[in-house]
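Novice: As a plain string of letters, each chain reads:
Protein chains: 2
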Amino acid sequence: MPVTAIKLINFRNIKQCELNTDAPEVFFVGENGQGKTNILESVYYLCYGTSFRTREDSILCKNDESFFSASASYFKSREDINEIAISWKNRVKNIRLNGKTITDRKDIIRNQPCIIFCHDDIGFVNGPPEKRRLFLDQTLSLYNPYYIDLLRKYKKILKTRNHLLRENNTALLDVYDEQFVELGMEIQKKREEITSLFEPFFKDKFSEIAKFKELVAIQYQSTWSGMNEKDEILNFIRNKRKYEILNGVSSSGPHRDKLLFLHRDSDFSQIGSTGQMRLISLILRIIQAEFYSRTTGRKPLLLLDDVLLELDREKRIRILENLPPYEQAFFTFLPNEDYVNYHKENTMVYEVKSGGFKKRG
Amino acid sequence: MPVTAIKLINFRNIKQCELNTDAPEVFFVGENGQGKTNILESVYYLCYGTSFRTREDSILCKNDESFFSASASYFKSREDINEIAISWKNRVKNIRLNGKTITDRKDIIRNQPCIIFCHDDIGFVNGPPEKRRLFLDQTLSLYNPYYIDLLRKYKKILKTRNHLLRENNTALLDVYDEQFVELGMEIQKKREEITSLFEPFFKDKFSEIAKFKELVAIQYQSTWSGMNEKDEILNFIRNKRKYEILNGVSSSGPHRDKLLFLHRDSDFSQIGSTGQMRLISLILRIIQAEFYSRTTGRKPLLLLDDVLLELDREKRIRILENLPPYEQAFFTFLPNEDYVNYHKENTMVYEVKSGGFKKRG
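Protein chains in written order, with the UniProt record's numbering: chain A, 1 to 361; chain B, 1 to 361.
Simulated from the structure, these hints should not be mistaken for lab results.
Treat each hint with caution, since some may be false.
To be verified - Simulated restraints on C-beta separations:
| id | chain 1 | residue 1 | chain 2 | residue 2 | range |
| --- | --- | --- | --- | --- | --- |
| 1 | A | Gly297 | B | Lys359 | 49 to 57 Å |
| 2 | A | Pro128 | B | Asn94 | 28 to 36 Å |
| 3 | B | Leu323 | A | Pro128 | 28 to 36 Å |
The beta carbon of each residue, even a glycine, is placed where N, CA and C say it ideally should be.
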């Protein structure tokens, strides 16, 4: 469902704008700090009801203003035009779909799928382990609401369990360990499944795009590796209880598992160049979109924010040729980038300056 | 002291090379993953005895090889040529300065000061708090060996204190708290001093280079803020003891302090664009080099690895004009960058491909 128009008031550095975006590709070109990312953020915000850059809505409000609003029109079909609108006033957020207020954020996510390729994604490769777990959790959550619930339950149990460990409450620990292991095993299984599903796809894409002769493998490394039975794991964590009580934390489980990128059994984040790591992060987002489409039969909206900069020209072109099926894609570019070469027949180009937008051509 | 020649064997993807680098600026140009960063890493390694990308020397060794070596010649004066060499064989590292083995790494650091501007530096702005503390600690350590010792002692005490908290050993805690607060206060004082010293410099540079109309301020936020007396802080942490014992961690002290970049009292990492954050990280490195030079009277060697990419053309030029005084600077570029515009009369350019180097012109 392509977004055909965007309206913003007091959103980040954008005082007011009404943009026609009825094209399969829309480019936003401008110098640093002019508002390119802000427009992508507004689209993401309209797809998810939250930003990818901040958790606080107040940050999205233009300086010295007390309210902001964002809305977008998009086609379900050429006959059926829909509108999503979010307003924020007196610190209260209101989300409306075709004029009707939405109270559960799940309804807005289902409405318009969207995948953001952003600068921080390089952390999927060289960031802390939680960034890599986040990638798996995001991918699974996108098309599996059950997984979202599972994760929430696990996090709640984990918090309680850590509390019990610090209080040395062995009686209650015996009870909680059961649920902890059950939920943990389910999460690990889902994560392992998806990792092995996308591994061959990843290998192909990486060697095709990076032209790197040797294979880079993905491995899910579970802290309960080699144990398939609940009782085995329960034994394992009970043997660790003394240590866990001393440290006050649960030392194993999916919250400690690792996703590894391996080259000849070495951690690729120690070996790869910045460009190679950027490439991996891009391929991971492509995988996220591909798996979403395969499972749901729907094509997402893609947002690509400043993520081609570290690549040489050939790799930029190969990435653009290898993008997943999309309904529409928004890109940001610096004026000195050769974005003109990536133009297609219907590409729409906006110049961005001080929060203002000027259509080119 | 300019590095005039570099010799490498089995270093990362470089099988063997001998490079003449007798120029004030040396550019390394190549596509992703060819070895540009590796050559910068070898220079850093020869300045510090460790890499900026990995702690493990084995990672630096070319695939399937069991040893590597790196050496560099540099001038103290035109009459006095020196050589630093590091070899790694059978997992043992040997560092030699003019043929004499060095056992204390401090001696090599003093020998050839060097500042690396690397891709990860953006974490100084948008990374976790420890990345920002690291910036302060690095800046102070560069010219103050006493600060290195201070930090080491504090970390040791902190570790012991956390252990005592988990064991609920209140008798020993009473003793350790004294040293913990004394060392902590010293670190905080040094960090606060340097922050207020470089703040005006930072503000000037940022508004000059970013052409951002509004000020971005730096603030050191101490967890013991407003308390100037040792006894006050001791009281403060004793009041927290119950909570700390329950959580098993020291909840205040310099290991929890924050360095903030503020724009109108909001966290700039939530507002700034990628380009603006890159700019701040570059200015922080410039400050690091400036302060080193002012205190020691010596100019460092600069290594700039892929850090101009996110900037528009005007800001790239302004950064290059605002570099700190340097003895020599090494840069990496992608072939599609307009590096020819940054050329000076004596600039040396190497093309990098599959770990090989070809001098241009």
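Novice: None of the hints should be skipped; say for each whether it holds.
Specialist: Now the hints, each set against the structure:
no. : hint                            : verdict
1   : A/Gly297 / B/Lys359: 49 to 57 Å : 55 Å, holds
2   : A/Pro128 / B/Asn94: 28 to 36 Å  : 33 Å, holds
3   : B/Leu323 / A/Pro128: 28 to 36 Å : 31 Å, holds
In terms of the numbered hints stated before, the structure departs from none.
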